[in-house]
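Undergrad: Going down the list, the protein sequences come from chains W and G.
The opening position of the first sequence corresponds to residue 725 in our numbering, with each subsequent residue numbered one higher.
The opening position of the second sequence corresponds to residue 38 in our numbering, with each subsequent residue numbered one higher.
FYI, nobody ran anything at the bench for these hints, they're computed from the structure.
Every residue, glycine too, gets a C-beta built ideally from N, C-alpha and C.
Be aware that one or more of the hints could be misleading.
Here chain W is said to cover these stretches of chain G; the calculated rule only asks that three of the stretch's residues, wherever they fall, bring their Cβ under 8 Å from a Cβ of chain W [stated by the list, open to error]:
| hint | stretch |
| --- | --- |
| 1 | 64 to 76 |
| 2 | 89 to 100 |
| 3 | 172 to 185 |
| 4 | 188 to 194 |
| 5 | 217 to 223 |
| 6 | 234 to 246 |
| 7 | 265 to 277 |
From chain G, some residues computed to sit far from chain W (all C-beta separations above 12 Å) [said to hold, decoys possible]:
| hint | residue |
| --- | --- |
| 8 | 120 |
| 9 | 159 |
| 10 | 330 |
| 11 | 338 |
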Amino acid sequence: MKVLVPVKRVIDYNVKARVKPDQTGVDLANVKMSMNPFCEIAVEEAVRLKEKGVASEVVAVSIGPQQAQETLRTALAMGADRAILIQTTEDLEPLEVAKTLKAVVGEESPDLVVMGKQAIDGDNNAVGQMLAALLDWPQATFASAIEVSGSKAKVTREVDGGLQTLEVDLPAVVTADLRLNEPRYASLPNIMKAKKKELAVKELGSLGVDAKPHLKVVKVTEPPKRAGGIKVETAQDLVMKLKNEAGVL
Amino acid sequence: MAVLVIADHDNTTLKDNTHKVVTAAQKLSGDIDILVAGQNAKGVADAASKIAGVRKVLLAESPELGAGIAEAMEALVVPLMANYDAVLTPATSAGKNFSPRVAAKLDVAQISDVIEVVDGSTFVRPIYAGNALETVQSADAKKVLTVRPTVFKAAAEGGSAPVETIAAPAAPAKVRFVDQKLVKSARPELSGAKIVVSGGRAMGSAEEFQRVIEPLADKLGAAVGASRAAVDAGYAPNDYQVGQTGKVVAPELYVAIGISGAIQHLAGMKDSKVIVAINKDPDAPIFQVADYGLVADYKAAVPELMDALTAAGK
Chain W
725 MKVLVPVKRV IDYNVKARVK PDQTGVDLAN VKMSMNPFCE IAVEEAVRLK EKGVASEVVA
785 VSIGPQQAQE TLRTALAMGA DRAILIQTTE DLEPLEVAKT LKAVVGEESP DLVVMGKQAI
845 DGDNNAVGQM LAALLDWPQA TFASAIEVSG SKAKVTREVD GGLQTLEVDL PAVVTADLRL
905 NEPRYASLPN IMKAKKKELA VKELGSLGVD AKPHLKVVKV TEPPKRAGGI KVETAQDLVM
965 KLKNEAGVL
Chain G
38 MAVLVIADHD NTTLKDNTHK VVTAAQKLSG DIDILVAGQN AKGVADAASK IAGVRKVLLA
98 ESPELGAGIA EAMEALVVPL MANYDAVLTP ATSAGKNFSP RVAAKLDVAQ ISDVIEVVDG
158 STFVRPIYAG NALETVQSAD AKKVLTVRPT VFKAAAEGGS APVETIAAPA APAKVRFVDQ
218 KLVKSARPEL SGAKIVVSGG RAMGSAEEFQ RVIEPLADKL GAAVGASRAA VDAGYAPNDY
278 QVGQTGKVVA PELYVAIGIS GAIQHLAGMK DSKVIVAINK DPDAPIFQVA DYGLVADYKA
338 AVPELMDALT AAGK
């Protein structure tokens, strides 16, 4: 079974995003970039499927600038077998990302696509669902457990108020939630090994995907700041203030 | 321009999120229909018909719709969109699950987590965990939006819209519902609660989390939340998680116990009306957003708080 794992290079999750003064976007110059945390979970899950003997090959794919090769090398160091970069300097919308991934799926014919439920830059939570819809594949989003048996997968999903289990026929798209696993750190020998693994680069234009934008970003602004509060000395003070001043008790 | 609002419900009860998304829809159009997709959900449709300003309620029922299967929702909603210029879905895990499929099938962008409707094609949404707000203008003829309910006021009741039953789509062939384990709790639901008490990594264990956070929540009639750090460490279940990657809440009162205030947590609760933080680290970022901060070890402060609440008649 072949597993395709799309990964995205995003601002490191420990870095606070700062809005550019001209309101055209978020300032990413000289900012630490990393693999999107949910993509890391997806890579880990795919590698575990390979280690269990369920998957035979794990292919990582990223759509982005040349520097996204670093993100793919991370995936290779974690245990992916090879990688593909669909190179573009444009910032694609989720629908265009899904269309591009559909083209990659067409070339690679994976049995399973495992990907993060959302990227922590755009916070759209849409690409996996869109890809499944475009392929007419079943989907299982927000996965906290994946169990593959033969041509089916049982996926436990994080839903409002609890857990839901679905059974999907393969091929399918599964999106990873936080508790699916704890991603490993790549070891130094594996980082060295990853440098020798295959990383193919293709220009986005060569896939023939309709990548016209549907949205225009009018502006990006800072959210309104909360006015600073006060410190109270004791729990009794706190209760009195909540009761008499804030009126919330 | 007519718009469709997808109801949030559990097949028995219509959730307040629906009323809030109706308010967002009113900024787009006066012709608002509500779709109740579920199983044995006639009571939900009747409740939706009472929302003021609703033109009609559509009710579609099947086991797959009742289980919220995304493929079934897509098969139901996409053909309906011939009659609508926009579809608005509450940005719950159920809504986020199917709405992008509808957008993809219509070949339009989805605009996720809308917090403001500027005009018929311009919307504001948070990006980067709420550290930036993006205003986008859509060039698509049909708009597919998920709406963050907590920022909109609930639409009033007092309507009497007709309920029209429509056919449910055939069951999707490649996906089957196996089972569902919902946490039964006497506490209010996290995303709609008036008061939320959340615990962080400082709790140190699941036992301590339950010992400290749950009695305080029960005393206040509050829902229980947790930081991602506490969830990651296994102290609290994932559906307690408040933050960018979990639930976004905006209660009247948010009480953060032993939570440092990572960016990703703040993104999920900074719109709360009143924020209380108890943390022994005076430099914890949580104090920058707290209206009332108490610098203290929760081990001493929470029992004192319980006593003070008792003394205040709680």
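Undergrad: Checked against the structure, which of the hints given earlier come out wrong?
TA: 1, 2, 4, 6, 9, 10, 11
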